[in-house]
Amino acid sequence: MVYRSISTLNKSIIKCKKCPRLTSYIKEISQKKVKRFKDQKYWGKPLPGFGDTNAKILIVGLAPAAHGGNRTGRMFTGDSSGDWVAKVLYENGFATKPVSSHRTDGFCLINAYITAVIRCAPPENKPLNIELENCSDYLKNEFLILKNLEIIICLGRIAFTNICRILGIKGQKFSHGHVFKHKTKFIICSYHPSRQNTQTGRLTWTQWNSIFVKAKQLVS
24 MVYRSISTLN
34 KSIIKCKKCP
44 RLTSYIKEIS
54 QKKVKRFKDQ
64 KYWGKPLPGF
74 GDTNAKILIV
84 GLAPAAHGGN
94 RTGRMFTGDS
104 SGDWVAKVLY
114 ENGFATKPVS
124 SHRTDGFCLI
134 NAYITAVIRC
144 APPENKPLNI
154 ELENCSDYLK
164 NEFLILKNLE
174 IIICLGRIAF
184 TNICRILGIK
194 GQKFSHGHVF
204 KHKTKFIICS
214 YHPSRQNTQT
224 GRLTWTQWNS
234 IFVKAKQLVS
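Heads up: the sequence shown runs through residues 24 to 243, numbered per our numbering.
I should point out that these hints are in silico values taken from the structure, not numbers from a laboratory.
Bear in mind the structure is a predicted one, so any value in this text is a computation, not a measurement.
Watch out, some of these pointers could steer you wrong.
The calculated DSSO-like cross-link candidates involving lysine-lysine, where the alpha carbons are at most 30 Å apart (straight line), are [stated by the list, open to error]:
no., residue 1, residue 2
1, LYS34, LYS196
2, LYS64, LYS38
3, LYS79, LYS58
4, LYS41, LYS110
5, LYS64, LYS79
6, LYS79, LYS55
7, LYS41, LYS193
Take the sequences, apply the hints, and build the full model.
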């Protein structure tokens, strides 16, 4: 299905129940919660992308975090990965604030849009291939609607692999900092800013910041 606007697309995403496993999981997480968020009401629905609809930069993550986006209602919001994303975007002029805590906190993106290859938090952060396929139509529509895109930043190997599949990119391999041009767009690869990467030193702040410095240099 082809959508004419981001608002129409996002309404469809929020109502989506294509994947029974994911629908069941995010509902369960939203009811059980974790102790530190036991008094908060979880979003508990598929998450749409967000940001500047005239953006030249698209940031593509894996999926909402179970107690991050699935709780707050906005991608990369309310968890450690979101802290890294908000801070680096603010420091490079792509956001209005250095912290993203909740969807009503006034955090706004400048010339950037954030999305993901999966719109529901998957168990153990491991989506099934059929779930990735079910969600791919939403990403395809974002490519069509966001007409000013020049740069796509892929956060992690799964995001990169799915972007390549959707755009028909062949012969490219994922590695942090790898940059190449596909038709009219630059693709930038980055490790995902997950705790698994940031707390082990696999992804340092300098390495992370360099991705967005590069994006700023490439954008017209």
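| Violated constraints from the hint list, given by number and in increasing order | Failing hints, ascending: 1, 3, 4, 5 and 6.
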